[in-house]
Structure formats: structure tokens, C-alpha cells
Amino acid sequence: MARQTTSLRTYALTRLGLVIPMVLILLTLVFFLMRVAPGDPVSAALGGRLSPKALEERRHAGGYDKPILVQYVDYLGDVARFDFGHTITDNRPVTDVIVENGAATFELTFAAMIVAVVVGVTFGLVAGRLRDTPVDVGIRLFGIVIYAVPPFFLGFLAQLFFGQKLGLLPTSGRASPETQFLLSIHTHFFLLDSAIDGDWAAFKDCFLHLILPATTLGLIISGVLIRLVRVNVLQTLKGDYIEAARARGVGERSVVFRHAFKNALVPVVTVLGLQVALLLSGAVLTETTFNWPGIGFELVRYLNNRDYIAVQGIITFFALVVVLVSVLIDFVNAWIDPRVRY
Amino acid sequence: MSESPVLELRDLRVWYGSPRGAVKAVDGVSLHIGAGEVLGLVGESGCGKSTLGRGIMGLLPDGAVMDGEVRLSGENIVGLSGRRLRQMRGAEIGLIFQEPMTRLNPLMRIEDHFRETLKTHEPGLQKAEIRRRSLEALGGMGIPPTRFRNYPHEFSGGMRQRIMIALALVLRPRLVIADEPTTALDVLVEAQILGILADLKRNFGTSLLLITHNLGIVAEACDRVAVMYAGQVAEEGDARTVFGSPAHPYTRDLLRSVISLRTTGLHYIPGAPPSLIDPPSGCRFHPRCSNAMAVCADRDPVEMRAQSGQRVRCWLHGPETQIPAGGHDPLAREEIAVAEEA
Amino acid sequence: MSMQATERRFFGSWGRALEPIRDARGVPRWILWAGVALTLFFVIMALTAPWIAPYNFDQYQDAAGHRFPKQGHPSSEHLFGTNVQSTDVLSRVIYGAQTELKVVVLAVVVALAIGLPLGLVSGYFGGPLDRALVLVMDALFAFPYLLLAIVIAFLLADRLGQGVLTAAIAIAAVYTPQYFRVVRNHVISVREEPYVEAARALGARPRTVISRYVFQNVIQSVPVIATLNAADAILTLAALGFLGYGIQPTDAAEWGYDSSRAISDAGAGIWWTGLFPGLAIVLLVTALTLLGEGLNDVLNPVLRRRRIEAVTMQASVGEAEVEA
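Quick note, the sequences are listed as chains A, B and C, same order. So the first sequence is numbered by our numbering: it starts at 1 and just counts up by one. So the second sequence is numbered by our numbering: it starts at 1 and just counts up by one. So the third sequence is numbered by our numbering: it starts at 1 and just counts up by one.
For the record, the hints were derived by calculation from the structure and aren't laboratory data. Incorrect hints may appear among the rest.
Listed next, the in silico DSSO-like pairs over lysine-lysine satisfying Cα-Cα at most 30 Å (straight line) [stated by the list, open to error]:
#1 LYS262/A <-> LYS119/B
#2 LYS127/B <-> LYS262/A
#3 LYS201/B <-> LYS238/A
#4 LYS66/A <-> LYS53/A
#5 LYS70/C <-> LYS102/C
#6 LYS201/B <-> LYS119/B
#7 LYS238/A <-> LYS262/A
#8 LYS127/B <-> LYS201/B
Computed footprint of chain C on chain A; a stretch qualifies when at least three of its residues, placed anywhere within it, have a C-beta under 8 Å from a C-beta of chain C [what the hints assert, rightly or not]:
#9 21–29
#10 141–149
#11 280–289
Ideal placement from N, C-alpha and C gives every residue a C-beta, glycine not left out.
Using the sequences and the hints, build the whole thing.
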């Protein structure tokens with residue numbers, strides 16, 4: 001029973017089609033979660049501060065007196081047009097929040113992901129190859145312990161050492177105040193912006209600020225990857241085709257690198273997609289610890305101020321990102337593993 | 001014999017470790033295969049024939065030890081360096097596995113498999129030459145060039161086995177070991193594969209060690225046959241002779257158990273194959289043998305030549321000089337327990 | 001063989017299940033026992049907190065009414081020092097163990113109670129119910145867990161207050177999809193096994209098939225998942241506490257909350273308020289992870305490695321070929 005492989009294009013289209021139900025479910029979840037709290041967003045945020053008449057006006061303007069189903073449909077429509085409204089507390093367009101702070105979070109998570117992959121995959125491959133040797137045990141222990149460290153503890157330690165005693169690396173913020181003042185914003189990605197302008201002093205400053213938070217988050221995530229990659233390597237090395245390759249005289253190094261490692265990494269790609277959710281969660285903590293003005297940081301702030309519109313917008317954004325990443329991961333997976341395409 | 005045999009085993013022993021003690025999978029086996037000859041190796045499951053095949057290739061699991069001689073065209077390969085063994089595998093001995101579905105790397109095209117095999121042994125080969133030889137080998141198996149760039153999962157089981165055979169042959173080894181090559185395939189495909197294997201001799205002059213538990217295959221395809229029981233060779237000789245006038249009671253019972261259109265009642269050998277960790281004393285078949293004599297439980301039988309010319313290890317064939325008084329008396333024993341748990 | 005057989009008869013199916021643990025050798029064994037020991041340490045600490053903690057977790061003055069020093073250095077009276085609210089750090093660490101374990105056990109139980117049956121039913125019967133559940137659970141599973149926990153904790157706080165129950169429910173909500181997925185996948189693979197098919201062919205009712213065959217098989221993977229989950233849950237609880245959505249300091253001691261108070265201390269060079277709660281988190285999570293990984297190494301047939309006895313060969317006796 002041989003199967004023909006569908007082209008990558010067909011697979012992509014089919015996969016994209018499946019996105020719709022997932023997005024709808026997430027959006028519905030978000031919508032109803034936000035409505036669980038008693039009252040409406042406007043009263044919750046500004047209840048004590050405005051007169052009842054002003055509150056009533058705001059509520060009407062925000063459409064919160066319409067029946068719930070109408071609100072739901074309006075919400076879906078707004079999302080489709082990327083209109084997330086304005087924050088209640090500081091009257092900022094939520095889209096601005098998403099773009100500006102989202103870029104900061106993206107910078108952080110991207111850098112952290114690089115650290116996590118480099119450390120995690122390397123150590124995982126080594127540990128799997130050298131099973132049950134002291135190196136393997138050491139690496140596994142490292143992976144377990146590092147994941148057990150909460151970002152704020154690492155941040156605390158970093159503050160202690162780097163902030164106080166050594167003063168080498170900055171422990172707060174995205175860039176020093178002078179740099180931020182002077183930097184001209186194009187993409188909101190500070191590293192890119194400074195590179196575009198050729199402002200290498202600013203680039204260095206931003207890079208230094210990125211090191212601690214990104215390494216903190218990246219190392220923690222690498223703990224998961226180490227374990228995963230190791231188990232995959234162990235499983236792959238048992239494969240029948242490995243023995244068959246050896247029977248044809250293929251050298252051990254080729255067997256390990258070309259067959260075992262490559263096949264072991266295939267499921268890791270899927271896992272990387274799941275790691276994005278983990279990264280975003282960790283980012284919230286890391287941003288709070290290092291005062292990194294990302295979207296997680298803002299979320300906590302708006303939540304504390306009960307600014308439900310901002311919160312709803314941010315969470316919706318997260319939901320969309322999650323769906324996008326899951327599609328991307330499936331796509332990459334299909335590209336790597338020809339068996340997956342249906 | 002005018003020329004030295006392609007493969008000669010002298011008193012080969014392969015023992016491997018287990019939680020309950022050493023498993024004496026191969027315990028003193030001597031065989032030989034001449035150029036262009038097909039030797040069938042038959043026996044029940046667990047008699048050690050697969051281990052024998054792997055042992056010849058040096059593909060044993062950790063903790064296994066080998067003793068004795070394995071001479072490939074005169075060169076003893078027991079104790080050879082890893083590097084030399086790897087050089088030999090594929091180029092001088094080929095191995096065809098039982099389960100074709102899992103023996104090819106799912107992420108590599110067939111083309112890649114061939115390229116890897118050829119380049120491992122002949123690094124200087126050019127792309128065009130690699131392609132030519134691969135297609136030639138595949139063509140001999142009935143696989144068209146249009147499928148050269150397909151992935152393994154796009155082929156059926158029978159085709160995958162043919163690809164495996166082509167891979168084993170592409171370097172023109174002198175000896176091919178086929179370990180139950182058709183057990184996992186249906187009968188029609190089995191016939192095709194057997195035809196291919198039988199043709200090896202004619203087309204390439206390759207010697208073949210055909211390991212199987214299926215007597216019918218051996219009768220069809222083999223020049224000589226060796227019957228294995230509990231890690232030792234019970235009987236060995238010309239296929240027609242052994243099947244026509246079996247010298248060993250085990251062979252006789254095996255032949256009687258074969259089901260054909262003329263079978264009217266099911267015949268089976270009582271008892272179960274013995275433990276290889278703690279095999280029975282004397283002749284290992286004596287607990288299940290209907291001809292067992294007193295001496296059979298005491299002493300290991302000596303290798304003799306039967307009337308019809310094959311080698312056999314059985315006290316029924318003498319030597320008289322080594323059987324003590326009373327040794328010919330039938331063996332007194334209790335009911336054989338069915339399926340005794342080891 | 002008789003000794004093993006007797007053992008097996010004595011312990012029954014439990015004996016068979018525990019056999020791999022007794023057989024484990026080498027690295028997996030050390031990991032498992034290290035995890036057990038460390039976890040037990042914390043469990044005992046949590047259970048005996050009222051007796052072994054020098055002071056109460058919110059106590060800021062001694063019996064005579066003298067206030068404890070504020071952010072005092074570690075000393076003989078306060079082995080781990082005191083924090084900015086003048087409470088003893090050591091006591092808060094000890095009581096914190098109680099809080100963590102209370103919440104996590106509650107959360108895991110709730111998540112299991114919902115996820116396990118749902119996964120069983122969904123996996124076994126399939127159909128539209130299954131598809132719907134899978135869509136919902138997958139969506140929840142894909143969402144950043146901390147955000148979900150924060151939002152739920154925040155919303156529940158309005159109704160239930162910020163206590164153990166709120167935190168436990170928030171965490172349970174986040175981890176239920178995981179149990180659902182694992183159980184469902186396991187059920188689906190077991191459902192296709194020949195012995196289940198045989199049972200169905202013999203006319204067994206779905207209820208029997210599920211409870212006797214499928215459940216027994218699936219339940220084996222639960223301890224490993226639950227333990228590893230518990231480790232994660234502690235991190236989530238600490239995160240909630242750090243951000244302020246967890247347990248209030250007046251209700252109970254919580255390591256995450258203490259860590260958040262300690263961040264500003266670092267700037268002043270005060271290290272004890274943050275170091276000890278943080279270390280406690282690391283150690284407890286490590287303990288649970290070691291336990292879970294150890295169990296997995298030993299129970300998971302894919303990863304299990306049998307002990308191999310060394311083989312020594314004696315010289316073989318030569319055979320003389322004699323012509324008949």
C-alpha cells in the first residue's frame with residue numbers, strides 16, 4: 001500500500017483551512033472569559049472615577065449595552081479588521097500597544113529561542129549519544145535543575161551579581177535612557193533600528209540590555225529541549241534502519257549524524273512550536289523581573305488597573321499568534337518529513 | 001573442493017548476556033559455503049540462526065562475545081578491528097533483513113540510500129557513476145528508474161524488500177546473508193523474492209546463506225541445507241539428500257510437521273525449544289526425541305557422516321566405540337510438560 | 001524461577017508492576033531514589049511545619065512583643081534572616097512548603113478528576129463529541145499557560161478571594177487539557193490493541209472494556225504525568241504569587257510572593273530574602289522532576305535498559321570427526 005506524497009502546496013492550503021475553527025474557538029473563549037467578571041469593562045476600570053452619566057455615555061460608546069450576541073459578532077468583526085479599540089485607562093489604541101510592546105517581547109523571545117535551541121539541541125544530542133555516562137547524567141541534571149529555576153530567581157541572582165558587584169551587564173530596561181531618547185524608531189525592533197541607522201553605540205547598548213533577560217529565559221527553556229532531544233536520540237538509535245545502515249558498512253559517525261541526529265530532531269520541530277507558548281508565558285515573568293517593556297509587562301499593568309479592553313485586546317493577540325505559530329510549525333514539519341503530508 | 005570456500009565457520013560460539021545468565025545462542029557451529037552456492041539454515045524460532053547471521057557480520061549487541069573462526073575467503077574476521085569490519089560490510093558481505101518496512105530511513109530518498117552506501121566504500125565515485133550503478137541494481141530487481149527519487153513510504157513491502165536486496169548487492173559482495181527475507185511478506189511476493197535470490201548465483205556468482213524457518217523455501221532454492229537446534233547444527237548436507245533421507249530425528253520430525261495438501265492429521269514435536277541459558281545435558285534434543293537412548297542424556301553426540309553422505313550429530317549414527325554398555329537402552333523419562341516456563 | 005514466582009504470587013499484579021523498579025540499575029535507579037528522597041524531605045517539612053518552624057509565617061514580633069528586625073541579617077534567632085515585613089524567612093520557607101503542596105495536590109486532583117474521564121470517554125467513543133472536545137482542549141493547550149492562569153485567577157479572585165482554592169482552580173484549568181490529551185492518546189492506541197478487539201468480539205460491553213482493559217493500561221502512565229505536572233504546577237503557582245495573583249501573604253506563606261518582595265532588596269545587597277525562597281522552589285521542583293523522570297526511565301519500556309550480565313566463555317572441547 002504505497003501512497004503518493006501530496007505536494008507541499010496542497011498541504012499548506014488544507015492546513016490553513018483548519019485554522020478557522022481553532023481561531024474561532026480561541027476568540028470565543030477570550031470573549032467569554034472577559035465577560036465572566038461582573039459588570040462591564042468600563043465600570044470596572046473607571047467605576048469610581050467618573051460620574052454615572054459619564055459612565056453611561058462611555059458604556060454606550062463602547063457598545064456594552066447591546067445584547068451579548070451582538071457584542072460577540074461585533075467583536076469578531078473588529079478582530080477581523082484588527083481593530084482592538086482603545087485602552088480605557090490611558091486611551092491608547094490597543095494596536096499601538098501590541099505593535100510597540102509586542103516588538104519588544106518578540107525581540108526578547110526570539111533571542112531567548114536562539115539560546116534555548118543552541119544550548120538545548122547541542123546538549124541533548126551529546127547526552128543521547130553518550131547515554132548513561134557521567135556526561136549524560138550531568139547534562140540531564142543540568143536540564144532538570146535549570147528548568148526548575150523560575151525566571152525571577154535567576155533575575156534576582158543576576159541583579160545581585162551583575163547589578164551590584166560586577167556591574168557588567170544592565171539588569172533593567174531595554175536600553176539606557178539616553179539611547180532610548182536618541183534612537184529613531186522604524187520597526188520598533190531596537191536592534192534592527194539601530195543597525196539601519198548605523199548607530200553602533202546604540203546597537204551595543206541595546207544588545208547588552210538584551211543579554212541577561214534573553215539568556216535567563218533561553219536557558220530555562222533549554223532545560224525542556226535537552227530532555228526532549230535526548231529521548232528522541234535514544235529512540236532513534238534503536239531504529240531498524242540504523243542497524244541496516246551499519247550492515248552496509250556505513251561509518252559510526254555518519255550513522256550518528258546523518259541518520260540518528262537528523263531523524264531525532266524531526267519531532268523537535270513540532271515541540272519548538274509548543275515552546276512558543278512556554279516562551280510567551282516565561283516572557284511575562286522575565287519582563288517583569290528585568291523591567292523589559294514588553295507586552296507581558298503591559299498585560300500585568302493593565303490587568304492590575306482592570307483595563308479589560310486592553311487585556312482583551314492583548315489576549316486576543318496572543319491567541320492569534322499561537323494559531324499562526326502552530327500553522328507554521330505544521331508547515332515546517334511537513335516540509336521536513338514527507339510522510340506527514342496528507 | 002577445488003577452491004577454498006567463500007565462508008567457513010569453525011566451532012563458532014556466540015554468547016550474549018541477559019539478566020539470567022549467558023545465552024548460548026550459537027554454541028559450536030561449523031559450516032562452509034562455496035562460491036556460488038546457496039546454503040539454507042533452518043530451525044525453529046530461538047534456535048540461534050539469526051544470531052549466527054548477525055555474528056558473521058559482527059553486528060552483535062553490547063555484551064555479546066564471539067569465539068571460534070569465521071573465515072571469509074580464508075581471512076578470519078573474528079576479532080578484526082572495527083574499521084576493517086565496516087569495510088567488509090556491504091562490500092564483501094551483504095545482509096538482507098527480515099522486516100523491510102522499517103529498514104529504510106524514512107527521511108531519505110532511495111537515491112540517498114544508494115549514494116551513501118556507494119560513497120562509504122568508494123569515496124571517489126562520481127555522481128553519474130553512482131546513479132548508473134544504483135539504477136542497474138534496482139533494475140535487476142524490477143524497480144524502474146522513475147522511482148529512484150521516491151521516499152521509502154511510497155513503496156509496498158515487497159518493493160521495499162527488493163530495494164533492500166538491491167542495496168545489499170550494489171557493491172557485488174561475495175556472500176549475501178538473507179535473514180528470513182520473506183517471512184514478513186505474502187506468498188506471491190515471497191515467490192518473486194525467492195526467484196530473485198535464486199538468480200543471484202546465476203547472474204552474479206554470489207554465495208547465499210538463506211536463514212529461514214520455512215522448509216519449503218529451502219527445498220526450492222538451496223543447494224545444501226543445515227538444520228540447527230538449540231545453538232548447534234544437528235544435520236547438514238545436500239538439500240535433496242537431507243529432505244529425502246533425513247538422518248537426524250529432529251529433521252525427520254520437522255519434515256513430518258510440514259503441512260501439504262496430502263496432510264490428514266497435524267503432526268507436531270512435543271515439548272518446546274530448550275532454554276539456551278541452561279540447555280539440556282548431552283544431546284540437546286533428547287527430551288523431545290522419540291528415539292532417545294540412555295547415552296543421549298549423558299554425552300554430547302559426535303559429528304559423523306550418515307549413510308547418505310550428510311554430516312549429522314546423533315548417537316543413532318554412532319560411533320559405536322564411544323557408546324558405553326547399556327547406552328542403547330531407550331531413555332526412561334517422565335511426561336514431557338507442555339510449554340514449560342523457563 | 002520459584003523465588004520469582006512466589007514473589008509474583010504474593011504481590012499479585014502490583015508485584016509485576018513494581019518489578020521494573022526493583023530491577024532498575026545504574027543511573028535510572030539513582031535518579032529515582034534521589035527524587036523520592038528529596039520529595040519526601042519536602043513532604044515531611046510541609047506536614048510538620050507547625051512543629052518545626054521557629055515562628056509563625058506572619059509573625060512579626062516575639063512572645064514578649066518585641067518586633068523582629070526588619071530585613072535583618074541571618075542570625076541565631078533568625079537562621080535565614082527576616083524580610084521587609086519583619087517576618088522570619090526560615091519559617092516562611094517551611095510554611096511555604098505546606099502551601100505549595102496543598103495547592104498543587106488539589107490542582108492535580110481536580111485536573112485529573114476532569115481530564116481523565118473526559119479523555120477516556122472521548123478517546124474510546126470518538127465521534128463528534130470527541131472532535132469537539134479535542135478542538136477545545138487543543139486550543140486551551142496551545143495557549144500560553146501562565147496567561148490563562150493569570151486571567152482565571154484574576155477573574156475568580158473577585159468571587160472566591162485570593163486563596164488556596166482560587167489558585168488551585170486556576171492551575172487545574174490550565175493543566176486539565178494536558179491530562180485529557182495524554183489519556184485520550186493512550187486510550188486510542190490501546191483501543192486498537194488485539195486484546196481489546198478480542199474482548200469486544202466476545203461481546204463485552206463498552207463499560208467493561210473501558211474499566212477493565214483500557215483503564216488499567218492507561219492508569220500506568222498517570223503517575224509519571226502527574227508527578228511531572230506537579231513540578232510544573234509549583235512553578236505556575238510561584239509565578240502567580242510573584243505577579244500578585246496568587247496567595248495573599250496574610251493567608252499563607254508562598255515562595256513566589258516572597259520572591260517578588262525580594263527583587264527590590266537585591267539592589268540594596270540584601271540577598272537572604274530572595275535566595276532562600278528561590279532555592280526552595282528550585283529544590284522542590286527538581287525533586288518532583290527527578291521523581292517523575294526516574295519513574296519514566298524505569299517504567300517506560302522504550303527507555304528501560306535491562307541489566308546485562310557479563311559473559312565469560314570457557315575454552316571449547318575439540319571435536320574429532322570420525323568416518324562411519
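A quick look at each hint next to the structure:
| no. | hint | verdict |
| --- | --- | --- |
| 1 | LYS262/A <-> LYS119/B | holds, 19 Å |
| 2 | LYS127/B <-> LYS262/A | holds, 23 Å |
| 3 | LYS201/B <-> LYS238/A | violated, 33 Å |
| 4 | LYS66/A <-> LYS53/A | holds, 17 Å |
| 5 | LYS70/C <-> LYS102/C | holds, 29 Å |
| 6 | LYS201/B <-> LYS119/B | holds, 26 Å |
| 7 | LYS238/A <-> LYS262/A | holds, 14 Å |
| 8 | LYS127/B <-> LYS201/B | holds, 29 Å |
| 9 | 21–29 | holds (count 5) |
| 10 | 141–149 | holds (count 5) |
| 11 | 280–289 | holds (count 7) |
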